[in-house]
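There are 2 protein chains.
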Amino acid sequence: MSSPILISLDAMGGDHGPPVVVAGVLDYRKRHGGEGVRFLLHGDETAIRAEIAKSGLTDDVCLVRHTDKVVAMDEKPAQAMRRGKGSSLWNAIEAVKTGEAGAVVSAGNTGALMAISRLLLRMSAHGLERPAIVASWPTHRGITAVLDVGANIESDAEQLIEFAIMGEAFHAAVHGGVKPTIGILNVGSEDMKGHEEVREANRILREGGAGLNLDYRGFVEGTDIARGTVDVVVTDGFTGNIALKTAEGTARYISALLREALTSNLQSKLGAAIAMPALKKMREKIDPSTINGGPLLGLNGIVVKSHGGADAKGFGNAIRIAVDLARSDYMTKVGANLGKLDAVFDHSSPPAAPAGEPLQ
Amino acid sequence: MSSPILISLDAMGGDHGPPVVVAGVLDYRKRHGGEGVRFLLHGDETAIRAEIAKSGLTDDVCLVRHTDKVVAMDEKPAQAMRRGKGSSLWNAIEAVKTGEAGAVVSAGNTGALMAISRLLLRMSAHGLERPAIVASWPTHRGITAVLDVGANIESDAEQLIEFAIMGEAFHAAVHGGVKPTIGILNVGSEDMKGHEEVREANRILREGGAGLNLDYRGFVEGTDIARGTVDVVVTDGFTGNIALKTAEGTARYISALLREALTSNLQSKLGAAIAMPALKKMREKIDPSTINGGPLLGLNGIVVKSHGGADAKGFGNAIRIAVDLARSDYMTKVGANLGKLDAVFDHSSPPAAPAGEPLQ
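Chains as they are written, first to last, in the working numbering: chain A, 1 to 360; chain B, 1 to 360.
Calculated directly from the structure, the hints in this document are not laboratory data. Treat the hints with caution; some may be incorrect.
Here are the simulated lysine-lysine pairs, DSBU-like style, with alpha carbons at most 35 Å apart [unchecked claim]: (1) 281/A - 280/B; (2) 280/B - 280/A; (3) 193/A - 97/B; (4) 76/B - 193/A; (5) 285/A - 285/B; (6) 269/A - 285/A.
Isolated chain A, as found in the complex (with noise of 0.2 Å):
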C-alpha cells in the first residue's frame, strides 16, 4: 500500500477557484486512483464545502480549512508578501512548512506563490534567487523536463548545474525517467558555443568534478527539445521562458492552419469528420492538460502550480505531479546534489534575505 500523505490545495487560485479545483481532486481519483492520499482544501468553506457535497468525495479525503482572505490574481508580489498572512495561498504553503502537508498546489497568482514560497520555506538551492519553474515538454520520444521557463532572468554556471540537478530528480520521480539525460540549451553543440555562462557549467558537469554521478550530453540546441534527444533540457530563466511561449505560439498558430484548412470547403469537412477519430488521439499528445503542473523547484518543500486557467482534468494532473514528487527520493536526492555543489561554488556570503520585489 502507498503511504499516506496529505496534498494542500489553494481552492480559491485560479481562474476559476473551488469549482475546477474539487473537480481536479475527483478527476486525479479516477486517473490515479489516489489510494491513501487525502487533501486538506484552504478557503471559503462554504463554497469549498458545496463543491464537495457536488463531488460526492467524502470529509476524509477533503480537509477544509476556512479563510475569508485571498489573494489577487493581479496583487504584485511585494504587496502578496507584506498583505498576504492568512489568505487561503499563505496558508495552503504554510501546511507545507509545518510538515502537516507533504505537497501544495496552487492555481493561483505565480509571483505571490513564488515570492510567499521563498518567504516560508527559503530556497534550498543556494546558487538561485527564485524557484525554478519546470516545464513537461511533449516530444517525440515521451516528455523531457525543461527548466528554469520562469524567473530567474540571468543565470550562472552555478544556477544552470542547480538546474541539472533538480531537473534530473524530478524527472525521474515523475515521468518515470530511470537515468535521466540532460543537455544544456545552446546555439550549437560544440563546447565552445554560447556565452561564459553555458561554457562554465558544460566544463563542469563534463568534468563530473562535483561528483554529481549525472548522465550529462552536453550542448543541446532548440530543435533538440520537441526530438526529445535529452530527458531533461537546462537553459535560463529568460531563454526558457521564450522557448516555451514561441513552442506555444508555433503550435497554436499550426492548429489553427489546420483547422482552417479542414473547413475551408465541403470536400475537406467530410474527410476531416472521417479522420476525426484519429485527429482527437494527436491532439490529446499535445492537449496542455494532460502535462499542466509546474512544480517551483529549489524550495525546501514541494510546491506546484498548476495553470491559472487549467480545467479539471489539468488540475487533476498538477496533483499527480505534486504526489509522485512528495512520494519519491526528489527531496534527498536532490538535497545530497545540491550539498555536493557547496564544495565547487564558494557561498561564505550569507544568502540574500527574501525581502522586497522579488519578481521581475
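Got chain A; can you put chain B on it based on the hints?
Relative to the frame of chain A, chain B by itself:
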C-alpha cells in the same frame, strides 16, 4: 521599367552547387519575371555552363566567372578567411565590394560567408561585432522579421536598437511593410521585465531620443511571434537562435504527429486523401522554401544567405530577397538611422579589427 541590376552568386555553395543555383535563377525568373536582373555566377565554369545550357538561360542573363577554388561547408571561418581568397564565395562577395554587383547570394558555409563578408565589406553597424541574421517568420498576420537569429550571442542595448533599425528597413523592402511595427522579445510586456539590456533598449526606443522615427510597440513575448503582433521582433542572437530552432522543432513534431494520425488506419487514410488538397495548401504556408533567404545585416553591402539544403524554389526566394533589398532604399535608410545612433552611443574607441576567430 525596373532598374538594371547584377546579382552575384556563389555557384558552388550549398549541398547541391550549380544545379540548384542555376535552377534557382530559373525559378526566380518564372515567379518574379526578373526584368533587368542579370546574374554573375562564380565557380567551376564547365559545371556552371552545363547547367545553364540545360536550363535554356542565355549568356546575357547569366555571366560566368571561373574559379577552381571552393570553401568547404565544414571549413572553420578563420581558416576560410586565411585561405579562401579567390574562392567562389570570396569572389562572389568581392563583386559587391567593387560595386560590380548590387548584392550577393550564397548557400555556402555560414561562418565563412559571415567572416569573409565582414572582412571585405566591413560593418556599417558600429555596435555589432558580427552581421545579424534575420529570419522571415510566417505568422497569423503575414511575415514577421526576427533578428538576430545568428551570431551575436550577447547583445547590449545599442545592438538591439541596431537590429530594430535594420529589421524595420528589411521588412519594408522585402515584405512590403508600409510602416513596420517593432517589438523587443522579453519574458513579459511590462517595462520593468527582463534584464538590463532589453530594458535600456526599450527605454531609448520608447523615448524616441535618437530621432529614429520607428514605430516601436514595446516588449513582446514568445507567443507574439507566430501571432504576428509586430512586424519586427528584436532579440539577441542567442535567444533568437533558440526561439527559431525551438519553433522549427515544434512544427516538425506536430507535422509528424499529424502524418502519423492520418496514416494510422484505413479510415483516417481515406479522410486524409479526401482532405488532401486543403492540407497541401496549408503545408505551403509553412513551407521553408517560401521563406528561405536570411540576409546578413549590418554590412556595407547586401549579402543573403540561402539554406545549404535549399531547393530551386528556396534559392529563387533568396535571390528575390537580394533583388528587393538592392533595389530598395534599404542601405540609405539604415545608414541614416545608424548615423543618428552614434549621437546616443559613444564610439570614441575604434571598432575591433575583424581578425582571428570571428564566430563561436
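(message) Tell me the numbers of any earlier hints that the structure contravenes, in ascending order.
(response) none
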